[in-house]
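Once you have looked at the hints, place chain B on chain A.
Listed in order, the protein sequences are those of chains A and B.
Per the UniProt record's numbering, the very first residue in the first sequence carries number 1; after that it's consecutive.
Per the UniProt record's numbering, the very first residue in the second sequence carries number 1; after that it's consecutive.
Hints were generated in silico from the structure; no laboratory data involved.
By construction, the Cβ of each residue, glycine as well, lies at the ideal position given by its N, Cα and C atoms.
Among the hints, a few may not be true.
[To be verified] Chain A is faced by these chain B residues, among others (derived, beta-carbon under 7 Å):
id	residue
1	Leu-19
2	Val-289
3	Val-290
4	Leu-298
5	Val-301
6	Leu-304
7	Gly-305
8	Met-309
9	Pro-379
10	Leu-380
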Amino acid sequence: MFGYYLRLAMISLKRNRILTALMVAAIALGIGMSMTSMTVLHMMGANPLSYKDDQVRRVQLDNWDKNRPWDEDNPSEPPDLMTYQDVVNLVQAHKAEHEAGFFPNVLALEPDKREIKPYMVEALFTTSGFFPIFEPPFRYGGGWSDAEDRGSARVAVINDETNDKLFGGENSVGRKLRLGGEDYTIVGVLDKWHPTPRAYHISGGAFGDPHQVFVPFTIGIEKQLVSTSNNSCFEDSEPGYQGLLASECIWVDLWVQVKDEADAQRYLSFLNNYVQEQKKAGRFPRPVNNRVRSVSEWLESQRVVGRDVRTQVWLAFAFFAVCLINTVGLLLAKFMGKAPEIGLRRAVGASKPAVFAQYLTESGLVGIAGGVLGLVLTGVGLLALRKLYAGTSIEKLAQLDWNMVGLSLLIALVASLVAGLYPTWRACQVQPATQLKTQ
Amino acid sequence: MEFRPILNALMRNKTGLLLIAAQVAITLAIVCNSVFIILQRIEKVNRPSGMDENSLFTITSLGFAPGFDLRGSIREDLEALRSIPGVVDATTINSVPLSNGGWSEGISLQSDSVPEEQRKTEGTSIYLVDEHGVNTLGVHLIAGRNFTADDVSYRTKEDKGGVSSVIVTRTLAQTLFGEENAVGKVIYSSIPGRNGPLTVVGVVERLQAPWVGWDKVEHSMLVPQYQDGEFDSSSARYLVRTEPGRRDEAMKEAERKLGEMNTGRIVRGLRSIEEVRGESYRQDRAMTVVLTTVIFSLLAVTGLGIVGMVSFWVTRRVKQIGTRRALGARRFDIRRYFMIENLIVVGIGIALGLLLTYGFNIWLMKHYELPRLSWYYAPLGALTVLLLGQLAVFGPATRATRVSPAVATRTV
Numbered sequence: 001m002f003g004y005y006l007r008l009a010m011i012s013l014k015r016n017r018i019l020t021a022l023m024v025a026a027i028a029l030g031i032g033m034s035m036t037s038m039t040v041l042h043m044m045g046a047n048p049l050s051y052k053d054d055q056v057r058r059v060q061l062d063n064w065d066k067n068r069p070w071d072e073d074n075p076s077e078p079p080d081l082m083t084y085q086d087v088v089n090l091v092q093a094h095k096a097e098h099e100a101g102f103f104p105n106v107l108a109l110e111p112d113k114r115e116i117k118p119y120m121v122e123a124l125f126t127t128s129g130f131f132p133i134f135e136p137p138f139r140y141g142g143g144w145s146d147a148e149d150r151g152s153a154r155v156a157v158i159n160d161e162t163n164d165k166l167f168g169g170e171n172s173v174g175r176k177l178r179l180g181g182e183d184y185t186i187v188g189v190l191d192k193w194h195p196t197p198r199a200y201h202i203s204g205g206a207f208g209d210p211h212q213v214f215v216p217f218t219i220g221i222e223k224q225l226v227s228t229s230n231n232s233c234f235e236d237s238e239p240g241y242q243g244l245l246a247s248e249c250i251w252v253d254l255w256v257q258v259k260d261e262a263d264a265q266r267y268l269s270f271l272n273n274y275v276q277e278q279k280k281a282g283r284f285p286r287p288v289n290n291r292v293r294s295v296s297e298w299l300e301s302q303r304v305v306g307r308d309v310r311t312q313v314w315l316a317f318a319f320f321a322v323c324l325i326n327t328v329g330l331l332l333a334k335f336m337g338k339a340p341e342i343g344l345r346r347a348v349g350a351s352k353p354a355v356f357a358q359y360l361t362e363s364g365l366v367g368i369a370g371g372v373l374g375l376v377l378t379g380v381g382l383l384a385l386r387k388l389y390a391g392t393s394i395e396k397l398a399q400l401d402w403n404m405v406g407l408s409l410l411i412a413l414v415a416s417l418v419a420g421l422y423p424t425w426r427a428c429q430v431q432p433a434t435q436l437k438t439q
Numbered sequence: 001m002e003f004r005p006i007l008n009a010l011m012r013n014k015t016g017l018l019l020i021a022a023q024v025a026i027t028l029a030i031v032c033n034s035v036f037i038i039l040q041r042i043e044k045v046n047r048p049s050g051m052d053e054n055s056l057f058t059i060t061s062l063g064f065a066p067g068f069d070l071r072g073s074i075r076e077d078l079e080a081l082r083s084i085p086g087v088v089d090a091t092t093i094n095s096v097p098l099s100n101g102g103w104s105e106g107i108s109l110q111s112d113s114v115p116e117e118q119r120k121t122e123g124t125s126i127y128l129v130d131e132h133g134v135n136t137l138g139v140h141l142i143a144g145r146n147f148t149a150d151d152v153s154y155r156t157k158e159d160k161g162g163v164s165s166v167i168v169t170r171t172l173a174q175t176l177f178g179e180e181n182a183v184g185k186v187i188y189s190s191i192p193g194r195n196g197p198l199t200v201v202g203v204v205e206r207l208q209a210p211w212v213g214w215d216k217v218e219h220s221m222l223v224p225q226y227q228d229g230e231f232d233s234s235s236a237r238y239l240v241r242t243e244p245g246r247r248d249e250a251m252k253e254a255e256r257k258l259g260e261m262n263t264g265r266i267v268r269g270l271r272s273i274e275e276v277r278g279e280s281y282r283q284d285r286a287m288t289v290v291l292t293t294v295i296f297s298l299l300a301v302t303g304l305g306i307v308g309m310v311s312f313w314v315t316r317r318v319k320q321i322g323t324r325r326a327l328g329a330r331r332f333d334i335r336r337y338f339m340i341e342n343l344i345v346v347g348i349g350i351a352l353g354l355l356l357t358y359g360f361n362i363w364l365m366k367h368y369e370l371p372r373l374s375w376y377y378a379p380l381g382a383l384t385v386l387l388l389g390q391l392a393v394f395g396p397a398t399r400a401t402r403v404s405p406a407v408a409t410r411t412v
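Isolated chain A (complex conformation) (with noise of 0.2 Å):
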């Protein structure tokens, strides 16, 4: 049967080709607008560790200044990053499984070979619990030991594209890298790794690559460097690097891995405690203000996503609803233009079961033709995105993703279908004899 109304759906399409290309235009514009916004917004909200959300935690303490609170029109909010000493203090206290404190600074890097010219890499300054926290993938080797940390040992872990350019993609584990003017060895090469957004470090820029190559913590201390991203003091430092590492300035990102939820709250308990212990030595004035945040709590309490992003996605929709508006329109003048037809096939012992189905068969068409086209439109509209956003955190995440592929298909067909639907039941309700009578 459903055959049958297919190929009745077909000729009555091709009747009146004008409204339905008008029909298909619509939704296929709704569904391109739509989901061109919604995969960015998609790609920004994302949690590339959703996977150990009970885990993996990022810790924050409320050191910031007795008047004013780390965010004014927040003041709720603890400070986003922490002082060495606190760092330092936390990762000493190994009270969960692991422990990834970090910050980033620029190293000169000078290739051996002669024809690549030194350049400058980010290099993150982290201390070793960062591999088995954020898993990136490893293609040769792996992380360091927390005896390496101590001991500043010259290590290195590079990742892929460095291990391409300098080794040619070859297996460098053990060879040496020379890095600010000494030399390192390589202990692990990472494979494709690209978390998006990239939580670990969201003060750097939640878009931002991944960062090149990767050293131990003590390293940075020694060669007294201090974070290229952020830096924040409520007040200003006793004069030299010792007097920055002792001062209440917030730079260090730290996370740590805990067993599960409740391990998390007696994470939080032991944090409270050492802020207690803390204030007995004249730091933290602020109330007792910590966290041990999950991923998915640090993104939305970064805002990682954009306000214009969300300000598209709205219109967007807006725009969907006006589309799905008119087709609803447009299907009712359609269908109610056939009132004799259907007179006619009525009398001649259609049901009305008959008839539903086979104007809701119509509609449905109609939803896939936009949708299809809809694709072909969300398509084009990341490209222009990609053009329009060159350069920005917005150019990466402008790719269809299979998801949003299904997506639109999907939601093409429910709204052609639920836009169908009072047009369809309208067109059940001709009766057959009123029509007859004015052939």
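Frame of chain A; chain B shown alone:
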């Protein structure tokens, strides 16, 4: 006028009326608010930064060789940059206006002796430049004097360097001192123990902060200092101003020259300010393009929707039209009928749309800190939609006028 009969006829087709009115309403709300956002963005993108943007570029030197002499290299680099043909002047600078990365600090009229809770502070961006800063930026000094070589000090990890004179922008001066002359006045940094009192020696007309989205973007302060390895051991950023039209050649020359002078460092970050501006405002520009696309597509969809619906109504009313023609209605009357009908339907849509427009605006005000919609947007938007409706109905209405009176006699 056949106002009443048209209304009566419309009431018999409530669904069609409602569908068009709803489309018109949403269209009006989106178009008004989008145009509003677009104009705001255009205004933001076009405001002047205060610098001589088209003739400026920036370049960074980063030493990596052990024992790299930063102070000596800054002196040599500046000399070399200033001697490049076509270059007007050059300075060191800690961060570049419009680049979205820089420093801010709180400043206050009261010193440390006033308890912090009672001090009123103002945020401002900080630019560390030398005595060539004002000339290089191309900002206009409207009061007081420029820095001299004696004002300039070094700022290192150990020593923040004594600063006693600063230059502020007019907007910052007005915020701090109102209409009083700012030159000679003393201000303090809100950061305890920093730099003692600072004397305002000059006021520049305008210089924007690095963050284009900041609400105090006109608050800037020039501080006469060289940075000597305060954050990392060996980097220096330069800003260079050229004669009009000679920027690109000077950029190439600057990169070559600095690269050859010293092999113990890397020269990077060569960018014209034009490029920097383009990147900073890219999101705003993109938003205007996206919204413009939305506006035109929406008007097109709504217009075509009206064409489709009215075409259908004409088809349904062929007999009625024929009868009216047979009874003496002129073609003009038939067209007028559809035009007035469309006016009523779109009018109802506009009434609904005005509510939506202001609702949407209130939502935007609440969540996006957008100002209230100016009063003329809604009437202008309404007029546009009304014209769109009339334009859309014109085709089908003209087709209706071609219905022959004879139709009336055919099948009754």
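Task: chain A contact restraint for Leu-380(B) - C-beta distance below 7 Å - done: violated (19 Å)
TODO: Tell me if Val-301(B) is really an interface residue toward chain A, meaning its C-beta lies closer than 7 Å to one of theirs.
DONE: Holds, about 6 Å.
Task: chain A contact restraint on Val-290(B) - CB to CB distance below 7 Å - done: holds (6 Å)
- [ ] Mind checking the CB of Pro-379(B) against every CB in chain A and telling me if the closest is under 7 Å?
- [x] Hint on Pro-379(B): violated, closest Cβ of chain A at ~21 Å, above 7 Å.
Open item on the list: Hint Val-289(B) vs chain A: min CB-CB distance below 7 Å?
Closed with: holds (6 Å)
Task: When the least beta-carbon distance from Met-309(B) to chain A is tested against 7 Å, hint result - done: At about 5 Å, which falls below the 7 Å cut-off, the nearest Cβ of chain A leaves the hint on Met-309(B) intact, so it holds.
Open item on the list: Given Leu-298(B) as an interface hint, is its Cβ closer than 7 Å to any Cβ of chain A?
Closed with: For Leu-298(B), the interface hint holds, since the closest Cβ of chain A sits about 6 Å away, which is under 7 Å.
Open item on the list: Does the closest beta carbon of chain A sit nearer than 7 Å to the beta carbon of Leu-304(B)?
Closed with: holds (6 Å)
Open item on the list: Given Leu-19(B) as an interface hint, is its Cβ closer than 7 Å to any Cβ of chain A?
Closed with: holds (4 Å)
Open item on the list: Checking hints one by one. Is Gly-305(B) an interface residue toward chain A, by the C-beta closer than 7 Å rule?
Closed with: holds (4 Å)
Checked against the numbered hints listed earlier, the structure breaks hints 9 and 10; every other hint is satisfied.
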